[in-house]
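Colleague: Given next are the chains, with one letter for each unit.
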Amino acid sequence: MENIYKPYLAEIKEIIDETPDTKTFRLQLKDPEVAKTFNFKAGQFAEYGVFGEGESTFCIASSPTRPEMIECSFKVYGKVTQALRRLNEGDTIGFRGPYGNWFPLEEQKGKNVVFIAGGIGLAPVRCVIDNVLDWRKDYKDITIIYGARSIGDLVYKYKLKEWRDRPDVKTIITVDPGGESDGWDGEVGFVPTIVEKIAPKAENTIAVICGPPVMIKFTMPVLKKLGFSDENIFTTLENRMKCGLGKCGRCNVGGVYVCKDGPVFNYAQLKELPDEF
Amino acid sequence: MEEKIISKQNLVKLCADIIGGGHILIAPGKTEYVVTQDASQIVLDTQSKPTKASYKTFVFPKAEPVLYYKRGKNDVQILDAGPEQKKTVIIGAKPCDTNSFNILSKVFNWDYKDDFYNYRVKNFIVIGMMCEFSDRYCFCTSVGSSPVSEKGSDIFLIPLDADNFAVRIVTDKGKEFIDAYSKYLTDGNPSKSKEVSEKVKHPEVAFDSKQVHDWLAKNFEHPKWDGVGDMCLSCAQCAFVCPVCHCFDIVDEDYSYTEGRRMKNWDGCQFGHFTLHASGHNPRDIQGKRYRQRVNHKFKYYVDKFGEILCTGCGRCSRGCAVSIDIKEIVANCKD
Numbered sequence: 001m002e003n004i005y006k007p008y009l010a011e012i013k014e015i016i017d018e019t020p021d022t023k024t025f026r027l028q029l030k031d032p033e034v035a036k037t038f039n040f041k042a043g044q045f046a047e048y049g050v051f052g053e054g055e056s057t058f059c060i061a062s063s064p065t066r067p068e069m070i071e072c073s074f075k076v077y078g079k080v081t082q083a084l085r086r087l088n089e090g091d092t093i094g095f096r097g098p099y100g101n102w103f104p105l106e107e108q109k110g111k112n113v114v115f116i117a118g119g120i121g122l123a124p125v126r127c128v129i130d131n132v133l134d135w136r137k138d139y140k141d142i143t144i145i146y147g148a149r150s151i152g153d154l155v156y157k158y159k160l161k162e163w164r165d166r167p168d169v170k171t172i173i174t175v176d177p178g179g180e181s182d183g184w185d186g187e188v189g190f191v192p193t194i195v196e197k198i199a200p201k202a203e204n205t206i207a208v209i210c211g212p213p214v215m216i217k218f219t220m221p222v223l224k225k226l227g228f229s230d231e232n233i234f235t236t237l238e239n240r241m242k243c244g245l246g247k248c249g250r251c252n253v254g255g256v257y258v259c260k261d262g263p264v265f266n267y268a269q270l271k272e273l274p275d276e277f
Numbered sequence: 278m279e280e281k282i283i284s285k286q287n288l289v290k291l292c293a294d295i296i297g298g299g300h301i302l303i304a305p306g307k308t309e310y311v312v313t314q315d316a317s318q319i320v321l322d323t324q325s326k327p328t329k330a331s332y333k334t335f336v337f338p339k340a341e342p343v344l345y346y347k348r349g350k351n352d353v354q355i356l357d358a359g360p361e362q363k364k365t366v367i368i369g370a371k372p373c374d375t376n377s378f379n380i381l382s383k384v385f386n387w388d389y390k391d392d393f394y395n396y397r398v399k400n401f402i403v404i405g406m407m408c409e410f411s412d413r414y415c416f417c418t419s420v421g422s423s424p425v426s427e428k429g430s431d432i433f434l435i436p437l438d439a440d441n442f443a444v445r446i447v448t449d450k451g452k453e454f455i456d457a458y459s460k461y462l463t464d465g466n467p468s469k470s471k472e473v474s475e476k477v478k479h480p481e482v483a484f485d486s487k488q489v490h491d492w493l494a495k496n497f498e499h500p501k502w503d504g505v506g507d508m509c510l511s512c513a514q515c516a517f518v519c520p521v522c523h524c525f526d527i528v529d530e531d532y533s534y535t536e537g538r539r540m541k542n543w544d545g546c547q548f549g550h551f552t553l554h555a556s557g558h559n560p561r562d563i564q565g566k567r568y569r570q571r572v573n574h575k576f577k578y579y580v581d582k583f584g585e586i587l588c589t590g591c592g593r594c595s596r597g598c599a600v601s602i603d604i605k606e607i608v609a610n611c612k613d
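Line by line, the protein sequences are chains A and B. Note that our numbering numbers the first sequence so that position 135 is 135, with each residue one more than the last. Note that our numbering numbers the second sequence so that position 142 is 419, with each residue one more than the last.
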């Protein structure tokens, strides 16, 4: 009998404090055989479990092109994330995945890519960024626009530095007005405003966007104004999930199982869904 | 299709043999389907009211462990869990129940295969029975079934007279099973059973499921949902008694400082916390939206995705509803 609910075991190799309430785990699957064959695609997610507390759903934040470690980032909110916060390096957690669909990166080769992310929304976008950067010669212009409420809320600061230092990537970091402090050398302004200011060209370009609903709501009209078609704007949905396998029924949006048919959708697909996410 | 006859006395003996053979035998009790140890106590009455709950709990239990864990200092050990591999026979199942596995198997197998469910179904023999019960909540005929439908049964019983049942052998699995008890069976008389089954009164067709589907496609936003939502208590009994509702939760239960189990427990889309995100955001934040989900899932989404209506027309959800929400009435009014 195959037990689809049985997780792999993973060891926490490294814990990174991103912000006071957001952490990143660098994980290694414990079974060497599984670790050797494990693979996934950018955009897929997994169920991370603390035995005795339950499981929680996060995207895989690391790129499939860098398979040494599986990374996930989470904000401490509920029961499981509070339990995860209490763990230390060397502890064991459960890992079920990879699940769901992925960003169609292969099909997008030869195009420009614009990444737009807000807050912890950078986590699912980050794996795509790293994936695209590892295949840099296959893509044209790459633009990253990332914003958070304040400097303290920016995640992956080490990554941001790496991307800003690359001459072949245009990286714009912004914080909401009032979130800056002395010596801040990034932009100040809300993400939609910055997107409008940078005005990436829409021709032969795909946009990957993820962040708080309010950011997406106000960025969409900007992208439309710039001429992006619905089919070229991609995002990833986060709904409450338990099984991740298209069974338990709670991530449904209309007839769609976000865990199986998603989490990655283009804007044209999202428009077809009822307003229930 | 092969047909045999069995006398009532022999049916009791057959049931006793099933139990004696170490199999699990389930029969309709006064209010629920129950595991029975005494074949002589089984009452097979075509006029009996459907039990309060369906028998889905025997293949998809209310609560079942999917794994056991033991925590060490930094390590965790996972021990497998799995369903008991025992042949289970249900006798006297209503036609509105028998089709449930055909419907449920779609979602439990459309991509990943849930073997907890599959292994139980594989070991399950369904002996259905014609139904002569009908009340204002029944609507099997509106969802493609009928009181004499053999869909989902391996063997189907039709009472011929006070002492005998016709035994229709519907599937190969049913044939293989019944062959072991052939000493209790005599040759059948299909024309007689046909005559009996044709006389059974069918509940009136309350709606056209295709029209309901099309109406739902156009009326996601409709004041109707707020109306039902205001009445509904969000207790989810409708989901628990339903033969085909299958939402579940996955929950860890510690039973000592270091040990515990991960459970797969029934859940219901009518609960407010069902879709609640940790952030506080809830995509289905009011009851009207949740009831809309229930009706859409049954009569539209599941049909689009799996080609089956997620409803058997048994009427249990309405019969048991504390505030008299009648799904038949609501669905029948899904029209302009």
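Read the hints as simulated data drawn from the structure, not as lab findings. Be a bit skeptical, because a hint or two may be false.
Only pairs whose alpha carbons sit at most 20 angstroms apart, straight line, appear in this in silico EDC-like list of lysine to aspartate or glutamate [to be verified]:
hint, chain 1, residue 1, chain 2, residue 2
1, B, Lys350, A, Glu272
2, B, Lys460, B, Asp449
3, B, Lys501, B, Asp613
4, B, Lys347, A, Asp31
5, B, Lys566, A, Glu276
6, A, Lys140, A, Glu107
7, A, Lys109, A, Glu11
8, B, Lys478, B, Asp322
9, B, Lys383, A, Asp165
10, A, Lys6, B, Asp449
11, B, Lys390, B, Asp357
12, A, Lys30, B, Asp352
13, A, Lys6, B, Asp531
14, B, Lys281, B, Asp449
15, A, Lys79, B, Asp449
16, A, Lys6, B, Asp388
17, B, Lys566, B, Asp491
18, B, Lys347, A, Asp261
19, B, Lys501, A, Glu276
20, B, Lys390, B, Glu530
21, B, Lys363, A, Asp261
22, A, Lys137, A, Asp91
23, A, Lys140, A, Glu180
24, A, Lys30, B, Asp322
25, A, Lys79, B, Asp456
26, B, Lys363, B, Asp456
27, B, Lys469, B, Glu341
28, B, Lys582, A, Glu276
29, B, Lys582, A, Asp165
Colleague: Each of the hints needs a verdict: does it hold here or not?
Modeller: Okay, the hints, checked on the actual structure:
For the given pair, Lys350 (chain B) sits about 49 angstroms from Glu272 (chain A) by alpha-carbon distance, which is inconsistent with the 20 angstroms threshold. Straight-line distance between C-alpha atoms of Lys460 (chain B) and Asp449 (chain B) comes to about 19 angstroms, which keeps the hinted pair within the 20 angstroms bound. A threshold of 20 angstroms between alpha carbons decides the hint, and for Lys501 (chain B) with Asp613 (chain B) the separation of about 12 angstroms falls inside it, so the pair holds. Restraint check for Lys347 (chain B) and Asp31 (chain A): satisfied, since their Cα atoms lie roughly 17 angstroms apart, inside the 20 angstroms limit.
For the given pair, Lys566 (chain B) sits about 9 angstroms from Glu276 (chain A) by alpha-carbon distance, which is consistent with the 20 angstroms threshold. Of the supplied pair hints, the one linking Lys140 (chain A) and Glu107 (chain A) holds, its CA atoms being roughly 14 angstroms apart against a limit of 20 angstroms. For the given pair, Lys109 (chain A) sits about 35 angstroms from Glu11 (chain A) by alpha-carbon distance, which is inconsistent with the 20 angstroms threshold. For the suggested pair Lys478 (chain B) and Asp322 (chain B), the alpha carbons sit about 15 angstroms apart, so the restraint of at most 20 angstroms is met.
Our distance criterion of 20 angstroms between C-alpha atoms is broken by Lys383 (chain B) and Asp165 (chain A), whose separation comes to about 51 angstroms. A distance of roughly 33 angstroms separates the Cα atoms of Lys6 (chain A) and Asp449 (chain B); the hinted pair therefore is violated under the 20 angstroms criterion. Among the hinted pairs, Lys390 (chain B) with Asp357 (chain B) is consistent with the structure: their alpha-carbon atoms are about 16 angstroms apart, no more than 20 angstroms. Restraint check for Lys30 (chain A) and Asp352 (chain B): satisfied, since their Cα atoms lie roughly 10 angstroms apart, inside the 20 angstroms limit.
The straight-line distance between the Cα atoms of Lys6 (chain A) and Asp531 (chain B) is roughly 17 angstroms, inside the 20 angstroms bound, and the hint therefore holds. Restraint check for Lys281 (chain B) and Asp449 (chain B): the C-alpha separation of about 15 angstroms stays at or below 20 angstroms, so the hint holds. The hinted pair formed by Lys79 (chain A) and Asp449 (chain B) fails the criterion: a straight-line CA distance of about 49 angstroms is larger than 20 angstroms. Distance restraint check for Lys6 (chain A) and Asp388 (chain B): the Cα-Cα separation of roughly 16 angstroms lies within the 20 angstroms cut-off, and the hinted pair is therefore satisfied.
The suggested pairing of Lys566 (chain B) with Asp491 (chain B) holds, with an alpha-carbon distance near 19 angstroms, which does not exceed 20 angstroms. Pair hint Lys347 (chain B) plus Asp261 (chain A) does not hold up; C-alpha atoms about 34 angstroms apart against a cutoff of 20 angstroms. The straight-line distance between the Cα atoms of Lys501 (chain B) and Glu276 (chain A) is roughly 17 angstroms, inside the 20 angstroms bound, and the hint therefore holds. At roughly 24 angstroms between alpha-carbon atoms, Lys390 (chain B) and Glu530 (chain B) are farther apart than 20 angstroms, so this suggested pair is violated.
Proximity of Lys363 (chain B) to Asp261 (chain A) is assessed by CA-CA distance (about 35 angstroms); at most 20 angstroms being required, the pair is judged violated. Among the hinted pairs, Lys137 (chain A) with Asp91 (chain A) is inconsistent with the structure: their alpha-carbon atoms are about 39 angstroms apart, more than 20 angstroms. Between the alpha carbons of Lys140 (chain A) and Glu180 (chain A) the distance comes to roughly 32 angstroms, so the proposed pair goes past 20 angstroms and is violated. This hinted pair does not check out: Lys30 (chain A) and Asp322 (chain B) have alpha carbons roughly 57 angstroms apart, beyond 20 angstroms.
Annotation: proposed proximity of Lys79 (chain A) to Asp456 (chain B) is violated, straight-line Cα distance about 54 angstroms (limit 20 angstroms). The hinted pair formed by Lys363 (chain B) and Asp456 (chain B) meets the criterion: a straight-line CA distance of about 19 angstroms does not exceed 20 angstroms. Distance hint between Lys469 (chain B) and Glu341 (chain B) is unfulfilled; the C-alpha atoms sit about 44 angstroms from each other, more than 20 angstroms. Only pairs whose Cα atoms come within 20 angstroms are accepted, and Lys582 (chain B) paired with Glu276 (chain A) is accepted, the gap being roughly 18 angstroms.
Restraint check for Lys582 (chain B) and Asp165 (chain A): not satisfied, since their Cα atoms lie roughly 48 angstroms apart, outside the 20 angstroms limit.
Violation of the numbered hints given earlier is confined to hints 1, 7, 9, 10, 15, 18, 20, 21, 22, 23, 24, 25, 27, 29; the remaining hints are satisfied by the structure.
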